[in-house]
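Q: Sequence:
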Amino acid sequence: MNKSLNINTDIVQKERPSNDGGGNLAPNSEHMTTVLQVLPALSTGGVERSTVEVAEAIFEAGVRALVVSNGGNLVHEITRAQGEHIVMPVHSKNPFVMYANVGRLVKLIKENHVDVVHVRSRAPAWSTYFAAKQCGKPLVITFHGTYSVGNFLKRKYNAIMTSGNIIIANSRFIAGHMRRIYGVPINKIRVIHRGVDLLRFEPKQVSAERVVALANKWRLEDGFPVIMLPGRLTRWKGQTVFIDAIKQLARRDIRCLLVGDAQGRDNYRQELENLVEHHGLGEIVRIVDHCDDMPAAYMLSDIVVSASTDPEAFGRVVIEAQSLGRPVISTAHGGARETVIENETGWLVPPGDVDALAKKLDKALNLTPDQRNILSKKGIENVHKRFSKDTMCAKTLDVYNEVLTLKKSPNS
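Our numbering numbers the first residue of the sequence shown as 934 and each following residue consecutively.
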């Protein structure tokens, strides 16, 4: 049931799980209700992680969870969540491949009795839209980012993300963007914030041994406050702004970490290393690449920064850090305006403002133990109340139920 299929081979009807259910998406007398999620690939990222988490929730609701992608290192997470992964070149922007994917998806939908289709990215959305339409299946689309608008053709390409029966926005910021740029009616939009796995990102679940192991791996000395900026090494994530702010802070008693992959941007990584050297921060600022244990990384940190110069559609880093009681400093645009409570769980600064970031870093470094404790508790409470994985998944399942109801309505 959990093995990954290759779409280029004959797809056979697989035995569906026996489950009495009790979840929101219950099987009917004819077949097990089946939900198909489609995304370009299952590599590291917020879109991919949300797909895995929703697949797990679908299965736990007594429903069959299918995921189509071009593959990646998170495929095993789908199968571990009792979902089924199907390999298909839905990552491709080649028009001929995209056209061929329509037929592949139609065959998959029909042979597996898919009831709801959920797509999460532009290139696969074009194929998925026409496949769902041919099969008469309701389509849910998650609008994950602002996407560059550019010229008319670019806007038209992006607009496929507004063609679902219901469109999920992962923040109120994205919902506003959809309405302003693409004229999406408000009754088609459902805002569902991304969520944190409260079991994984729980302070008591992160052992001291894990934190020490990471500190040793990154060669961090004891007794120095640690400031971390997580995020892949790309210019809009604001690493240069962060380094300049650390220079302006003019403190030698801190250690700063840039945690994230270059993902082939070797020239940018070299630029960051040169900037660190130019500022004389070689012993203070370190680039440590990818981290497989982010809960331990957050627990190792005294302050977590998101310095993105472009708006984050949501910004998972900010809520993950808060869930572990860490003070956060983020730029005041995009989803961060919805996740950071100013002066209670952290602070917001203008994008690209080195001086403002340096001042907030100084403020955070000078918190008293009591102040840190209060801020920590409020951060944890903020995430538990508003940004849990369970809440995100429950609301997504509600959307699936809603589109199924709309499909059965005589007025739909």
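Among these hints, one or two may not hold up.
[Unchecked claim] Under the rule of at most 30 Å between Cα atoms (straight-line distance), these lysine-lysine pairs were calculated in the DSS-like manner:
id, residue 1, residue 2
1, K1311, K1292
2, K1137, K1121
3, K1296, K1311
4, K1026, K1043
5, K1087, K1026
6, K1121, K1089
7, K1340, K1137
8, K1292, K1328
9, K1040, K1340
10, K1137, K1318
11, K1180, K1150
12, K1121, K1150
13, K1150, K1318
14, K1121, K1066
15, K1137, K1150
16, K1066, K1328
17, K1089, K1150
Derived from the structure by calculation, the hints contain no laboratory data.
Q: If a hint holds in the structure, say so; if it does not, say that too.
A: Tested hints:
1. At roughly 22 Å between alpha-carbon atoms, K1311 and K1292 fall within 30 Å of each other, so this suggested pair holds.
2. As the CA atoms of K1137 and K1121 are separated by approximately 40 Å, the hinted pair breaks the 30 Å bound.
3. Between the alpha carbons of K1296 and K1311 the distance comes to roughly 17 Å, so the proposed pair stays at or under 30 Å and holds.
4. Between K1026 and K1043 the alpha-carbon distance is near 24 Å, which keeps this suggested pair within the 30 Å criterion.
5. Between K1087 and K1026, the direct Cα distance comes to roughly 13 Å. Compliance with the 30 Å bound is thereby established for this hinted pair.
6. At most 30 Å may separate the alpha-carbon atoms for a hinted pair to count; K1121 and K1089 meet this at roughly 19 Å.
7. Annotation: proposed proximity of K1340 to K1137 is violated, straight-line Cα distance about 45 Å (limit 30 Å).
8. With a C-alpha separation of about 38 Å, the suggested pair K1292 and K1328 falls outside the 30 Å cut-off, and the hint is violated.
9. Proximity of K1040 to K1340 is assessed by CA-CA distance (about 21 Å); at most 30 Å being required, the pair is judged to hold.
10. In summary, the hint linking K1137 to K1318 is supported, as the alpha carbons are separated by about 18 Å, within the 30 Å threshold.
11. Proposed proximity of K1180 and K1150 is supported: the alpha carbons are some 25 Å apart, at most 30 Å.
12. The suggested pairing of K1121 with K1150 is violated, with an alpha-carbon distance near 48 Å, which exceeds 30 Å.
13. In summary, the hint linking K1150 to K1318 is not supported, as the alpha carbons are separated by about 34 Å, beyond the 30 Å threshold.
14. Straight-line distance between C-alpha atoms of K1121 and K1066 comes to about 17 Å, which keeps the hinted pair within the 30 Å bound.
15. For the given pair, K1137 sits about 22 Å from K1150 by alpha-carbon distance, which is consistent with the 30 Å threshold.
16. At roughly 24 Å between alpha-carbon atoms, K1066 and K1328 fall within 30 Å of each other, so this suggested pair holds.
17. Only pairs whose Cα atoms come within 30 Å are accepted, and K1089 paired with K1150 is rejected, the gap being roughly 47 Å.
Hints 2, 7, 8, 12, 13 and 17, counting from the list given before, are not met by this structure.
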